[in-house]
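Given only the sequences and the hints, what does the whole structure look like? Please build it.
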Amino acid sequence: MDRLCTRTIHELRSLMDQGACDPQALLEELLEQIERLNPTLHAYITVDAERLRQRLEQRLRQGPRGKLFGIPITVKDNLCVQGEETTCASRILRNFRPPYTASAVERLCQAGAIIVPRANMDEFAFGSSTESSAYGVTRNPWDLERVPGGSSGGSACAVAADAAIAALGTDTGGSIRQPAAFCGVVGLKPTYGRVSRYGLIAFASSLDCIGPITKDVHDCALLLSVLAGYDPKDSTCAPVEVPDYVAAMQQPVQGLRFGVPNEYLIEAGIEPDVKAALEESCRALEQLGMQRVSVSLPHTSSAVATYYVVATAEASSNLARYDGVRYGARAATDGGSLLDMYQRTRADGFGTEAKRRIILGTYVLSRGYYDAYYLKGLKVRTLIKRDFDEALTHCDVLICPTSPTAAFRIGEKLDDPLQMYLSDIFTISANLAGIPALSMPCGLTTKGLPIGMQLMAGPFREETLLQAAYAYEQATEWHRRKPDLRPQTSDFRTGKEVGGVTDV
Amino acid sequence: MAIVTTQDVQHVALLARLALGDDELKKLAAQLDEILEYVRQLQAVSTDGVDPTSHALPLADITRPDQRLPSLPPEEALTLAPARHGHLVKVPKVID
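Note that the protein sequences, when read in sequence, are chains B and X.
Whatever position you read off the first sequence (first residue = 1), add 8 for the numbering used here.
18 is the number that the numbering used here gives to position 22 of the second sequence; each next residue is one higher, with no gaps.
Worth flagging that the hints you see were computed from the coordinates, not collected in a lab.
Careful, some of the hints might be misleading.
[Stated by the list, open to error] Rough simulated footprint, nothing fancy, chain X against chain B, three-plus residues with beta-carbon under 8 Å:
1. 309 to 316
2. 355 to 369
[To be verified] In silico DSS-like pairs for lysine-lysine, Cα to Cα no more than 27 Å straight-line:
3. B:490 with B:455
4. B:421 with B:283
5. B:490 with B:283
6. B:455 with B:283
7. B:421 with X:23
8. B:421 with X:22
For glycine and all other residues, C-beta sits at the position ideal for the given N, C-alpha and C.
In structure tokens:
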């Protein structure tokens, strides 16, 4: 029998219902997997096994016995968990133990889940590679010399390596979908406002979303059903009814129309293997009875520029709160002024990319540049949003690659921020438009690296996304491919001979 | 031609309360210049008569009933402060 940690939530659920899976055995197998792989992959910043055992015992004694009873769910390090160190992978929040728990995490607890905190990430979610974490890089389980994507790289890596059953990530410009694509798992950025962000450490408030990263589409639907819904603690959370996503996912797809935006296929820098996999996937969707239509998103080439103005402006404003006064680290300034204390605290506490974004964001908001950069960005954002409104009148789902390339090498783009930003070209528009978008595995490159397909739909049309994704998944085998992490074939220190593919 | 000078970055860094070393200033000025050069492509997009979008959802003026609700007790909030004095957060001297 497969080890329990390799299973999905829905498989574990039915095994538990049959009495064939003991939650304690599940947790022990998961901890064993984490202990074996984490020193190399570094998907988690830290894991406190004893605390998790205690939490499970308490859950078994007291419930609640919901849909996720006894299932460990991994949580990214930017979601507050009461009493647990939560740092956003930044030095400035070292030892920060939030006095309350994020609503999204609370909903998992209410459903009976065991929270596994501290999945690694880019510092403050600034990045597409998880290299900017103040606590070390995460490696891609398919090739240890490559990045897992980011910023939710720890979450995606853990799910791909069976060091998590499922995870929460956050997505401001692709931070759930791109790592899901790079690691060969499923990631969903819900509609803006679908999931409460109370207790999420803010990056860019008009773009940030919380969503699931899972081994398959079924688990994605299941977790979204738990996470979605109105929360009075978050005034940007939409009072929109939550459908049964698991039931919706199983609806037939015959007659659904999908559009492949013309601009996305002519985009420079798209890897031939990625393009081929996408074409193949489109044929598969047609065979399922979906109808391909031609659509256009004319402002695609402006998306990255727009995003890096809007997102950094909001980030510089959100990060102003880290001043060493009320919480977090404070630099020692013997006899210095308050200004010295602010400046030193922030200089010591933030990493290179955080400083870069604070400076860029402050610049575009400053007098003399506000109209030319920030206000202009907001206007172009309107045009990008209109493109999607228009395109989605011609089709139900938009299909494109999640990323123009498969996972890139560690260090490759670290000193070239613009190249790093351009790798987000296909994901950031969904955040600017506020629409839901899902990434799922749809192939492997000739080097054996996962390729992600992105599906996007209109606001609050997650059902349609899941419906198309589930049909595709049922018809293909990509989600069953796993990285080869057997100790006898892998030299975890050098990364040699790693990256092979096994069917399970 | 560079439009972002190290002086510009120095000025913005002060606004952002960030102490930067000379090497950081130089590197950031060059990178900012490259990024903003890329961003300036937006100037070519016609936005006449287009309203700005600051928020993707059409939600506005969200209110809740004006009721007293439990909030974080001061003692608990203050355990997070790097320095405190009784029930206050302590900071370096502001006024001489």
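Each hint tested on the structure:
{"no.": "1", "hint": "309 to 316", "result": "holds (count 6)"}
{"no.": "2", "hint": "355 to 369", "result": "holds (count 7)"}
{"no.": "3", "hint": "B:490 with B:455", "result": "14 Å, holds"}
{"no.": "4", "hint": "B:421 with B:283", "result": "22 Å, holds"}
{"no.": "5", "hint": "B:490 with B:283", "result": "22 Å, holds"}
{"no.": "6", "hint": "B:455 with B:283", "result": "15 Å, holds"}
{"no.": "7", "hint": "B:421 with X:23", "result": "16 Å, holds"}
{"no.": "8", "hint": "B:421 with X:22", "result": "19 Å, holds"}
The structure fails none of the hints (numbered hints given earlier).
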